[in-house]
Every structure is written in structure tokens, then in C-alpha cells.
Amino acid sequence: MNINLTMFGQLIMFAMFTWFCMKFIWPPIIMAMEERQKRIEDGLLAAERGRFEKAEAQIKAKKIINQSKSLATEIIANATRQASNMIEDAKYIALKEVGKVKEQAQAQLEQDTICVRNKLKNQVSDLVIQGVNAVLDKEVDVKLHQQMLGKLSESLL
Amino acid sequence: MSSTNEVITSGSYIKHHLQNLTYGQFPDGYWGFAHTSEQAKEMGFLAVHLDTLGVSFVLGILFLSFFYRIGKKMTYDAPSGTQNFIESVVSYINENVRGSFNGQNPMVAPLALTTFIWIVLMNTMDLVPVDWLPYIAQKIGVWFGADLHHVFFKVVPTTDPNATLGMAIGIFILIIYYSIKEKGIGGFAVELTFHPFGKMMLPFNLFLEGVNLIAKPVSLALRLFGNMYAGEMIFILIALLPFWIQWSLSLPWAIFHILIVLLQAFIFMTLVIVYMDMAHQKEH
Chain V
1 MNINLTMFGQ LIMFAMFTWF CMKFIWPPII MAMEERQKRI EDGLLAAERG
51 RFEKAEAQIK AKKIINQSKS LATEIIANAT RQASNMIEDA KYIALKEVGK
101 VKEQAQAQLE QDTICVRNKL KNQVSDLVIQ GVNAVLDKEV DVKLHQQMLG
151 KLSESLL
Chain D
158 MSSTNEVITS GSYIKHHLQN LTYGQFPDGY WGFAHTSEQA KEMGFLAVHL
208 DTLGVSFVLG ILFLSFFYRI GKKMTYDAPS GTQNFIESVV SYINENVRGS
258 FNGQNPMVAP LALTTFIWIV LMNTMDLVPV DWLPYIAQKI GVWFGADLHH
308 VFFKVVPTTD PNATLGMAIG IFILIIYYSI KEKGIGGFAV ELTFHPFGKM
358 MLPFNLFLEG VNLIAKPVSL ALRLFGNMYA GEMIFILIAL LPFWIQWSLS
408 LPWAIFHILI VLLQAFIFMT LVIVYMDMAH QKEH
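Residue numbers (the working numbering), protein chains in the order written: chain V, 1 to 157; chain D, 158 to 441.
Worth flagging that the hints you see were computed from the coordinates, not collected in a lab.
Beta carbons: idealized from backbone N, C-alpha and C, even for Gly.
Treat the hints loosely; a few may be bogus.
To be verified - What follows is a set of in silico ranges between Cβ atoms, one per label pair, in the way DEER data are often shown:
1. D:358 to V:37: 21 to 27 Å
2. V:38 to D:172: 54 to 60 Å
3. D:248 to V:43: 18 to 24 Å
4. D:238 to V:37: 15 to 21 Å
5. D:341 to V:43: 44 to 50 Å
6. D:222 to V:37: 40 to 46 Å
7. D:263 to V:54: 22 to 28 Å
What the hints assert, rightly or not - Here chain D is said to cover these stretches of chain V; the calculated rule only asks that three of the stretch's residues, wherever they fall, bring their Cβ under 8 Å from a Cβ of chain D:
8. 4-14
9. 24-30
10. 109-122
So here's chain V without its partners, still in its complex pose (with noise of 0.2 Å):
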């Protein structure tokens, strides 16, 4: 249990140690961990970054979705406006020219009364002028009685 040079010697290994544990040793293994240190917090980093895009996604399309929606509605009810408008105005034409067959059967039906009139005039007259002459023959002065019954199917119309 002296003291000795080897007090020394063995001064001199710690500092060579040391030296040598600081050039070599220490830097690659905590530079190693330090640097998987970072790559595991840039990955949490990554992580919590993709779950707020993922919301903000989430948060966007269903904006989108509601647009889309409300617009559809729209689109809907545009379409229906429209369709009931056709439908008036279809109504409105088939009514307006309904009224415009009526009108022109009407004055058909008036024209051809009227001449189904006359003509039923005419051969009344006619039948009645025959018949009158049957009956009377003779007794006729058919000039005269002519004039007569022409003014009597006048005041028949």
C-alpha cells in the first residue's frame, strides 16, 4: 500500500481514456441517438400535423357536402317551378285554344244552321207550293200566290 509512480501511470491512462472516450466514443453514439431522437419527433410531428389536415378535411368536405346539398334543393325546386310553370302555360294554350275550336265550331255551327235554314225554307216553300198546287190545280193564279208565299217564307226566318 505505497504511494508510487504508479499513482501517476494510472493518471496518465484516465486522461488517455477520457481522451480518447471524448474523440471517438461519445460523439457517434449520442449523435446516433440524438439523431433518432429527431427523426421520432418529426414523425410524432408528421403525425399530429396529418390528424389536423385530416379534421380540417373532414371539416371541408362535409362544407362541400352542404353546398352540394343546399344547391341540389335548389336545383329541385327550381326544376319543380319550372315544371309547374309548364304545366300552367300548357294549361293556358290547351285552355285558349280549346275556347278558339269552340269558337270556330260555333260559327261552323252557326253558319250551318243558318244554311240548313234556308235550304229547309226553300224546300218548305217548295213542298208548300206543290202542295198548293196539287190541291188547288186550276184555282191558282201561280204569279200571285208566288208573291205571297215568297213574303210568308220571308217572315218565317
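Go by the hints and put chain D onto chain V.
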């Protein structure tokens, strides 16, 4: 431990185990191995303990090469078992340094790592059964032509005060170097003289702070040495018992000693960090 014509007593067994393999200058000027403890004592300062230096050198190289090999092929992702072990040790020490050391010095953490692992390894030699390595050393010594009983081999470097003092002196030099570097000579002098009682009590302050300063390496060295020496001593005493009963004491003591091995290395490392921190503090 059998011998041809000498009876081994407990006393000589213990003495033999506590003697370092000393190479030095005899009083008459020759250099050579000490054959007895008395000769080793006579050599005085001009001698070296080859066993202490050899074992600590081998252990240091073991530590450095192991860590160097792992450090060279560090991977970023999915580290293997050994790398995990190295990393846990390094991060543990790094955390300790960050917790206790507030200065900026890239040397402190590697210093703490070296201190811790080296001391752990040196202390661990205590757990090798006390006769194994000395027995091998004797065989080698005899093969080289030495007398069987004059081959000494003390296995645990930290049971040699030279080893612990050597390290403590290294720390002491660093304390003084960084104190002067960080605070300037004036600042360091002020720290030594104006505290704790102000300018009027300068000599008394210097005495107190001087003791404080010197006590750091001395306590560092003696604490480690004392603990390991006592532990080794008990192992030697246990080894004196009959072989069939030794395990009943050596096993519990060895298990307990694992704690001491790690604890003493940890204390040494922590104190090194704290002393470095104090050396770097500008404000007292």
C-alpha cells in the same frame, strides 16, 4: 497455495494477497521486482505496481474497444441488444450530466462515462474469486523463473490507493484548470479568499477554501479505495474458511458487493460531474 517447505499461516496469506506486484528501484540502485512487502516498502516512490496498471489498462482497453465497436455501427432504427445496452448506459450518464452540470463543456459527459465504466470494471474484479487470478499469475511467474512465493498479484486496481489517487489527481487538475479558465485567475483567487466571511477574514477564508479544495480529490480517492479495500479484505477473510463453508458467506457478500461495485462507481462519477459543475460556475 500449497508450498514445498513453507507453512502458510492466515497472516501470511492475507499479507500475500494485499501485496502488489511491485517493480522499482532498490535502495542500492538496482531496478527489479520486490520479493517481499518489506522490499516493496523500501523502494519508496520510485516503483510501479504492475498488477494495478496492467489490470486497469486491460479493463480500460476492454471498455474502449467494446464501446468503440458498437459506436461505429450505430443504427438509427431498431437497435440491437448490445446497442440498446450501450445506449441505455450513455443516456443514463447523459441525463446525470445534464441534471448536475450547467456549464458548456463537451468533455464532461465522456469523462463521466469513462469514469463510471472504468471504475465499474475495476471494481468488478473484486467479484472474481480471490485466488483465481493470483494463482494464474503465479503459474505465469514461475514459468518466467520467479519464486512461487514472491509472485504477488493484487487483482482489484481500486483497492490500490495509487489507482484511485491517480484518477482523483486527474480530476483535481481538471477542477483547477477549468476554474481558472472559466473564472480567470482573479476570479478563482476571489473564490478562494473572499468566501465565506468577506475580505476581513482573508487568511481564514483561504484556509477554509483550501481545505475544501484539497478535500475534493482526497475524499474522492479515499472513499473508493476504502470501500473496495474493505470489501476485498472480507473476501480474503472468507477465503480463509474451510472450502465447504465458504459459499455460505462469500455468496451473500458477493451479491451485496455487486451493489457496492455499482454504487461506488456511481458516487465517483456523480462527484466528478458536481466538481466539474462547481469549477464552471461563475457566481459563487
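Here's how the hints hold up against the structure:
1. A beta carbon spacing of about 50 Å between residue 358 of chain D and residue 37 of chain V contradicts the range 21 to 27 Å that was offered as a hint.
2. Restraint check, residue 38 of chain V to residue 172 of chain D: a C-beta distance of roughly 58 Å satisfies the suggested window 54 to 60 Å.
3. Between residue 248 of chain D and residue 43 of chain V the beta carbon distance is about 19 Å. The supplied range of 18 to 24 Å therefore holds.
4. Checking the proposed 15 to 21 Å range against residue 238 of chain D and residue 37 of chain V shows it holds: the Cβ atoms sit about 20 Å from each other.
5. For residue 341 of chain D and residue 43 of chain V, the hinted distance range of 44 to 50 Å is satisfied, since their beta carbons lie about 46 Å from each other.
6. For the pair residue 222 of chain D and residue 37 of chain V, the beta carbons lie near 27 Å from each other, so the given range of 40 to 46 Å is not met.
7. In this structure the hint that residue 263 of chain D and residue 54 of chain V lie 22 to 28 Å apart at CB is violated, the actual value being about 42 Å.
8. Coverage of the stretch 4-14 of chain V by chain D holds in this model, with 10 residues showing a Cβ closer than 8 Å to a Cβ of that chain against a need of three.
9. Given a C-beta distance limit of less than 8 Å, the hint that chain D covers the stretch 24-30 of chain V holds, as 6 residues qualify and 3 suffice.
10. Counting residues of the stretch 109-122 of chain V whose C-beta lies closer than 8 Å to any C-beta of chain D gives 0; at least three are required, and the coverage claim is violated.
When each numbered hint is compared with the structure, violations occur for hints 1, 6, 7 and 10.
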